[in-house]
Amino acid sequence: MIQKQKQLLSIRRPLLQPHASLLSAVLCMTAPGAHALQLASNWQLNGFIAQSGLYSDGNNYFGHSKNSLSDDFFEAGLVTSAQFDNHWSLAAQVLSRKAGDNDDGSPGLDYAYLRYRTSIGPNLETGFRLGRFQLDQGLYNATRDVPFTRPSVLLPQSIYGENIRNSRFAHDGVQWYGEQLFDLDRLRWSIDYYKPISDGDETSDIFVVPVPGDIDGKWSWSANVAYEWNDGRGSIGLGYDKWRNSYKLDSTDVINFLDDFGSSTIVGALANSAIDQLNISPAERQFARGLIQNLNAQTLQQLLDAAETLFPTVDLSGYINSFNISGDADISSTVLSLEYNWPRVSVAAEYMWRDMETSKFDFALINTRFRQQGYYLQTVWHVAERWDLMLRYDDFIYDADDRHGDEINRLVPGVPLHRAYAQDVTLGVTWHIASDWMARLEWHNVEGTAWIPASENAENFPQNEYWNLVAIQLAYRF
Amino acid sequence: MFFPSCFLCPVPLRRTLKVSVPILLALLMTTQAWAVDIVVNPRNPVARLSRQELLAIFTMRQRNWPDGTPIVVLVQNPKSETHAKFCKDLLNLFPHQLQTIWDRLVYSGSGRAPIEFDTAQALIEKLAATPGGIGYMESSDSDTKAKTVVVDTPSAAAAAR
Numbered sequence: 066m067i068q069k070q071k072q073l074l075s076i077r078r079p080l081l082q083p084h085a086s087l088l089s090a091v092l093c094m095t096a097p098g099a100h101a102l103q104l105a106s107n108w109q110l111n112g113f114i115a116q117s118g119l120y121s122d123g124n125n126y127f128g129h130s131k132n133s134l135s136d137d138f139f140e141a142g143l144v145t146s147a148q149f150d151n152h153w154s155l156a157a158q159v160l161s162r163k164a165g166d167n168d169d170g171s172p173g174l175d176y177a178y179l180r181y182r183t184s185i186g187p188n189l190e191t192g193f194r195l196g197r198f199q200l201d202q203g204l205y206n207a208t209r210d211v212p213f214t215r216p217s218v219l220l221p222q223s224i225y226g227e228n229i230r231n232s233r234f235a236h237d238g239v240q241w242y243g244e245q246l247f248d249l250d251r252l253r254w255s256i257d258y259y260k261p262i263s264d265g266d267e268t269s270d271i272f273v274v275p276v277p278g279d280i281d282g283k284w285s286w287s288a289n290v291a292y293e294w295n296d297g298r299g300s301i302g303l304g305y306d307k308w309r310n311s312y313k314l315d316s317t318d319v320i321n322f323l324d325d326f327g328s329s330t331i332v333g334a335l336a337n338s339a340i341d342q343l344n345i346s347p348a349e350r351q352f353a354r355g356l357i358q359n360l361n362a363q364t365l366q367q368l369l370d371a372a373e374t375l376f377p378t379v380d381l382s383g384y385i386n387s388f389n390i391s392g393d394a395d396i397s398s399t400v401l402s403l404e405y406n407w408p409r410v411s412v413a414a415e416y417m418w419r420d421m422e423t424s425k426f427d428f429a430l431i432n433t434r435f436r437q438q439g440y441y442l443q444t445v446w447h448v449a450e451r452w453d454l455m456l457r458y459d460d461f462i463y464d465a466d467d468r469h470g471d472e473i474n475r476l477v478p479g480v481p482l483h484r485a486y487a488q489d490v491t492l493g494v495t496w497h498i499a500s501d502w503m504a505r506l507e508w509h510n511v512e513g514t515a516w517i518p519a520s521e522n523a524e525n526f527p528q529n530e531y532w533n534l535v536a537i538q539l540a541y542r543f
Numbered sequence: 032m033f034f035p036s037c038f039l040c041p042v043p044l045r046r047t048l049k050v051s052v053p054i055l056l057a058l059l060m061t062t063q064a065w066a067v068d069i070v071v072n073p074r075n076p077v078a079r080l081s082r083q084e085l086l087a088i089f090t091m092r093q094r095n096w097p098d099g100t101p102i103v104v105l106v107q108n109p110k111s112e113t114h115a116k117f118c119k120d121l122l123n124l125f126p127h128q129l130q131t132i133w134d135r136l137v138y139s140g141s142g143r144a145p146i147e148f149d150t151a152q153a154l155i156e157k158l159a160a161t162p163g164g165i166g167y168m169e170s171s172d173s174d175t176k177a178k179t180v181v182v183d184t185p186s187a188a189a190a191a192r
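Here the protein sequences come in this chain order: X and P.
Be aware that the first sequence starts at 66, since it is given in the numbering used here, and climbs by one per residue.
Be aware that the second sequence starts at 32, since it is given in the numbering used here, and climbs by one per residue.
Same shape as in the complex, but just chain X:
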């Protein structure tokens, strides 16, 4: 969260001045009959607060929910927007979110952007957003933390995973967007050029195993298009996002990681790569390779100790300690969204695939590429004026080439097979108590643990393949 606040200061200067005027406008508006400052004539403030309870019978999720009630899920936010004139407006959201180990509740700036919009004729609008703004991908990302704009307490984790929330919800940069109105239909599009927000936790965001190293965002881009028909009842959208990062490891990261999670396969492969880099004769190289095969060392340290005894003239340990491994870590995601709203029933479906690729590392082993995929099918039934029922099936696969988890279990012993997938059937009910109060209850019946963040369970891995999660939420808005 501290990083987020630092980035507020790095947002371009013009944003800071309207904040001061907004404050004056607020103060003026509270005095009846006073004139608001012309600079922010149309200012609006909304907010929400929600407290949830979670109970699960197999694994922890958002706090200590395994066989006990966890209240470690709390969301509160303030959203403000101001319209300066026909073209310029500003919007910002501050959020405090407590979600187990994933969010500590300290208020952070979710988004703050300046918008310039212009009309070209009566049916075409185009504009820019500048600053920190939401990734406009999928049906729910732009408002994912607001209980009143979600269909359930927890969004489908295949696409709106908790583990990637912090880095994927919003980013800093510039967006160009447009909206073309047809008779009953509307076409919307947007292109973002941005720098991702780095809060230091991205490795655990991206990888199901807590992998070490530093991730630093590079300039990335995203493109989204959506078509709505029948007065907006139906919509279909396609979004593509290329999230680029540089990824850096140093030797102590690698050694510690291998000591915690390494297997002989990984150690051997890394050692072979290192041997390739060393300036030794082919005969020595061959001897070294043979040695590794026979050594069956479990840790890199064992290997280094053995190598130092056998090759006193080669400073293998010194070499390893001196290197920095760096390369790129890119995630390209594509999301296809479909929604239709009849008067009493809505259906929604989204399908996502995410190519995770690490490249340009000197150690070939680390250059890897795999594809995640997920989808969900959801229906919401407005059964009565104040009641909604929701049914959803959500399916997530961590690696499309390793659907049952055998590969990751072989590479990193101790990782349960069920860490590779998750299928979730959810049944939920919403009670709209009043226009500003809402209560929700839902039951997730899950097979697999792929979307449980690594930090939530004591052994670092959730232990139960079949588990249930019940969530209850009370929310208020103004």
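Errors might be hidden in some of the hints.
[What the hints assert, rightly or not] To give a feel for the contact side, a few chain X residues facing chain P, derived at Cβ under 7 Å:
{"no.": "1", "residue": "V144"}
{"no.": "2", "residue": "A207"}
{"no.": "3", "residue": "P408"}
[What the hints assert, rightly or not] Stretch-level coverage of chain P by chain X, calculated; a stretch enters the list once three of its residues show a Cβ under 8 Å from a Cβ in chain X:
{"no.": "4", "segment": "118-129"}
{"no.": "5", "segment": "152-161"}
{"no.": "6", "segment": "167-178"}
Hints in this document: simulated from the structure, not taken from any laboratory.
It should be emphasised that the depicted structure is a prediction, and the values quoted were computed from it without experimental measurement.
Using N, Cα and C, we set each Cβ at its ideal position, and we do this for glycine too.
Chain P: place on chain X using the hints.
Chain P in isolation, oriented as in the chain X frame:
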């Protein structure tokens, strides 16, 4: 459903129709189920809106009148019968569908919510004081402080020809 007698209207001139059609409708309303009118500030030159424009205005997508004045959307209590009738008859939406549209706009920071009023009188007071205001009310609440706007439903458009 409301306007069958419009086809009997003998006056051919467009200008007089603008005056007489609303009056005719008002007369018809008293003999039929109650209806909801769209109203704007009396100084607003707009006299008729297509259903598309009405939807664009109340879903907060159209932000300005043709002369550039910002549109200020006023609605009655979303739980009221008047609001329900307005949504279903004039927008062809359920109130909860409209609420979802408003919520998505407001909480993504990309739009503003309409201003809500508990009584038609309060809405009219605000309308009279807001040059760009638009709202709705039951026909029986008609008031000189609010100017009724004709909405182009297919039958009204036929009557105007």
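Hint check results:
1. The beta carbon of V144 of chain X comes within 6 Å of a beta carbon in chain P, closer than 7 Å, and the hint placing it at the interface holds.
2. The interface hint given for A207 of chain X is met, as the beta carbon of that residue sits about 4 Å from the closest beta carbon of chain P, less than 7 Å.
3. Checking P408 of chain X against chain P: minimum C-beta separation of about 5 Å stays under 7 Å; hint holds.
4. Residues of the segment 118-129 of chain P lying with their CB closer than 8 Å to a CB of chain X number 5, which satisfies the three-residue condition for coverage.
5. As drawn, the segment 152-161 of chain P meets chain X at 0 residues by the rule of a beta-carbon pair under 8 Å; below three, the given contact is violated.
6. Coverage of the segment 167-178 of chain P by chain X is violated. Counting CB-CB distances below 8 Å, 0 residues qualify, and the rule asks for three or more.
Hints 5 and 6 from the earlier list are contradicted by this structure; the remaining hints agree with it.
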